[in-house]
Amino acid sequence: MSPDTTAGASPVNQDVSLQVPAQAHPETHPGLSPDGGPSVTLSIWRGDPEGGAFVEYQMPAIEGEVVLDVVHRVQAGPAPDLACRWNCKAGKCGSCSAEINGKPGLMCMTRMNQLPQGEPVVVAPLRTFPVIRDLVTDVSFNYTMARQLPPFAPGPAGPDGIYRMMQIDVERGQEFRKCIECFMCQDVCHVIRDHEENKTFYAGPRMFIRYMELESHPLDMNDRRELIRRRTGLSLCNITKCCTEVCPEGIHITDNAIIPLKERVVDASYDPVAWLGRKILRRTKRSAAEAAADAPAFSSPTREDR
Amino acid sequence: MPDHETHDFDVVIIGAGGAGLRAAIETKERGLRTALVCKSLLGKAHTVMAEGGAAAAMGNVWPDDNWQVHFRDTMRGGKLLSNWRMAQLHAQESPERIYELERWGALFDRTSDGRILQRDFGGHRYARLAHVGDRTGLEMIRTLQQQAVALGVEVFMECKVLRLLKDADGRASTAVGYWRPSGDFVTFNAKAFVIATGGIGKSWLFTTNSWECTGDGDAIAAWAGADMLDMEFVQFHPTCMVWPMTARGILVTEGVRGDGGALRNAEGRRFMFDYIPPMFASETAATEEEADRWYDDHTNNRRPPDLLPRDEVARSINSEVKAGRGSPHGGVFLDIATRRSPEYIRRRLPSMYHQFKELAGLDITTDPMEVAPFQHYMMGGIWVEADTGATTVPGLFAAGEAAAGMHGANRLGGNSLSDLLVFGRRAGMAASDFAGGRLGTPTVEEAEVDQICKAALEPFGRDSGESPYNVHRDLQETMQQLVGLIRSETELVQALDALDKLDERMEKVSVTGTPAYNPGWNLATDLPAMLTVSRLVTRAAIERRESRGGQTRDDYPKPDPELGKVNLIQRLRPDGTYELEQVPLPPMPAELAALLEEEPK
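Same order as they appear, the protein sequences are chains A and B.
At the far end of the first sequence sits residue 625, using my numbering, and the numbering has no gaps.
At the far end of the second sequence sits residue 1589, using my numbering, and the numbering has no gaps.
Derived from the structure by calculation, the hints contain no laboratory data.
Please read all numbers here as calculations on a predicted model, not as lab measurements.
Do not rely on the hints blindly, as some may be mistaken.
[As the list claims (entries may be wrong)] Keeping only pairs whose Cα atoms sit at most 20 Å apart, straight-line, the calculated EDC-like set for lysine to aspartate or glutamate is: (1) B/Lys1442 with B/Glu1492; (2) B/Lys1345 with A/Glu545; (3) A/Lys497 with B/Asp1438; (4) A/Lys604 with A/Glu545; (5) B/Lys1345 with A/Glu568; (6) B/Lys1154 with B/Asp1215; (7) B/Lys1154 with B/Asp1438; (8) A/Lys497 with B/Asp1491; (9) B/Lys1442 with B/Glu1373; (10) A/Lys560 with A/Glu418; (11) B/Lys1553 with B/Glu1346; (12) A/Lys422 with B/Glu1346; (13) A/Lys604 with B/Glu1090; (14) A/Lys497 with A/Asp590; (15) A/Lys497 with B/Glu1373; (16) B/Lys1345 with A/Asp367; (17) B/Lys1546 with B/Asp1438.
Input sequences plus hints: build the corresponding full structure.
Next up, the structure:
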């Protein structure tokens, strides 16, 4: 490729085929752009499934910018084929997740002036997912896990045909429905970050909050607890709270979803009083088997099936 | 000749925002083989950005509300140019569509007796917007996405459609596109298509829209010969962020004003009281005291002028800035800090609090926001039959922002989200019926497919052309400066000349790298649609020599009663140019017309 270098920017290292870490070009001066004004430098991972390397782009600094703004200027200037995802640019769609200086973040909500000044900002793709190109990864794992979820199944409405729910009851689920599916919680979860083999059955924090959302939904009739125990790998989570720390929506993933979910699953399976109660009392929820039959893609292999 | 994969379906839906998802759910539930094709990942479409809520006359907060009042508000908000039948269907069916979302798992905010809570918005007589804080769009798209997944709709993510081809009988038959991750071409043969591609905002420099909103669906339909309606009516949302420059254009929900926020100029004056138009004088508060009482008592007080329809508020803000009474960064102040408690603001407007805190370093519970009008929504678009969403091309349907008619000259806030549901479902129903009645396998000339693929790849073969980003940037500046909120014949004609030159430059853009996930190339393939749509907008804006709704003409500052009786239709001629004609509004039944005359209580 031959980057267009006419747009007032200087690609410090243009060769994406390099397999060694990028170094600052000796003739450029950190902190100053070619026209002598203040500058910023992004060190962006460029490559594909075959491999890649960090490439530095030095751009004039502009007040108030977020990382995504600079990435866009790199695209409009030295690297028009730099691949990245983005949509809303307002922290609402969760498309532009990346590892910024080693930490997952939304590029659209990470301000340049809040990062260490005078040194390159390192932007890499989410490591847990396979690279497609540059900053774009294959996140289909998350969509596969979503298809395996037995969907919402409401009970009957009130006599006037309308459901009634109290604000305090919907607020539990609303916290989880703030999720913008940036998949950064999945990215940092070491159960899959460091263990590719777990991806065949481990649903991950994003899906745990979804299961908990349905568990706490005032209207839902599906009992998914047995399925969660057997098929989502929930027990592998050892509550290190990495997911909670990176959530851009501030969802208390561990405290409000994973831990309560673990407790419910344990209660359902091992609490003799609860077991007896279910035998004696009228069943109000649909069983695990009935719930599983609702999920269109509950056929993929699980650990117990193998 | 580029290879391509081929898929056969009954119905192919292009676009996976609210309208596309709702249409897909409908066709899938009716048992049709359904494909949903979208440019981004599923769940990232621009519906996700909608904040305030979905308007539906459920009457949960104000029992006096009903579909007739909603119909009246919509028609008047649209300056009486809306298709009356669409406005009627929308007002009648919105409540059921909202309750349906609840049956699919949506968790709306609640009233004290456990029903769906509704909030105030501009132009609506009653609090009517079902919402979830200020992230209603996210709730809607997630609910629809989860329902579509549960039904097993096949989704083709990150796949861009370039053109729609017709068979020998003129029926829509094949969509040609490419996978963004690989750059490989793909065709979809189907018996019916639904276009639900949303907005056109990326032709402007400052817009609330995302990169996806390049008017693909509008252009695909226009190129296929569909009638295009009222393209001059572009909505500029009155309250968008103005500072920092890089955040310019990010939406600030109308819910801020619905929940008590007030617009002020640099002198601190609530200037909207100076701009109440005669059409809305009888339903707008005359004093600040009355306006403030209204929030608690809608029956005995009139609405604050801050909640006039968006076109009125946008023009007023523009006038204040021009008169030198603007804020430091070229907007006006939106103040909720002095009017509501910090707890209330954070509970009702969490995204706004977060957005200003993160992007501008501003705490909206203590300081006023700076806002100004920027491009937000397209009222015009593909002409559709009101009940079915059928376009003038057999087998082609449209819904949502890409379709036109529902909102007339100006859309009321909140009406878009319910529009998506009502007409997404109706387009899905009609597309199902059409597909069910269509015999044989849709076929097109393979040579046409090849030509489209080859043309799309041409930018790779040019060595010395300029970057598509340069052409895009100049298009955005042209539209921003010459086809903005306030227009004039001189500037519009200038814009047409500029668009001609941009057309020539577009033909010569070159891109580097390979087609695999290449944003530069993707942009090069978006440019034809953006230029076509920009030209349709500009042409219609020249032709409508009056000021009405989203069309404000410096040289024709008043509405023209004669032009108030017509819509503008544009359609492709065989020579590649577009004819433009005035068509009379469809006649409205007397009982509906009577609703418009009725004065508020």
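Now for the hints, and whether the structure bears them out:
{"no.": "1", "hint": "B/Lys1442 with B/Glu1492", "verdict": "18 Å, holds"}
{"no.": "2", "hint": "B/Lys1345 with A/Glu545", "verdict": "42 Å, violated"}
{"no.": "3", "hint": "A/Lys497 with B/Asp1438", "verdict": "44 Å, violated"}
{"no.": "4", "hint": "A/Lys604 with A/Glu545", "verdict": "12 Å, holds"}
{"no.": "5", "hint": "B/Lys1345 with A/Glu568", "verdict": "14 Å, holds"}
{"no.": "6", "hint": "B/Lys1154 with B/Asp1215", "verdict": "15 Å, holds"}
{"no.": "7", "hint": "B/Lys1154 with B/Asp1438", "verdict": "15 Å, holds"}
{"no.": "8", "hint": "A/Lys497 with B/Asp1491", "verdict": "42 Å, violated"}
{"no.": "9", "hint": "B/Lys1442 with B/Glu1373", "verdict": "35 Å, violated"}
{"no.": "10", "hint": "A/Lys560 with A/Glu418", "verdict": "18 Å, holds"}
{"no.": "11", "hint": "B/Lys1553 with B/Glu1346", "verdict": "47 Å, violated"}
{"no.": "12", "hint": "A/Lys422 with B/Glu1346", "verdict": "17 Å, holds"}
{"no.": "13", "hint": "A/Lys604 with B/Glu1090", "verdict": "19 Å, holds"}
{"no.": "14", "hint": "A/Lys497 with A/Asp590", "verdict": "32 Å, violated"}
{"no.": "15", "hint": "A/Lys497 with B/Glu1373", "verdict": "36 Å, violated"}
{"no.": "16", "hint": "B/Lys1345 with A/Asp367", "verdict": "36 Å, violated"}
{"no.": "17", "hint": "B/Lys1546 with B/Asp1438", "verdict": "50 Å, violated"}
Hints 2, 3, 8, 9, 11, 14, 15, 16, 17 from the earlier list are contradicted by this structure; the remaining hints agree with it.
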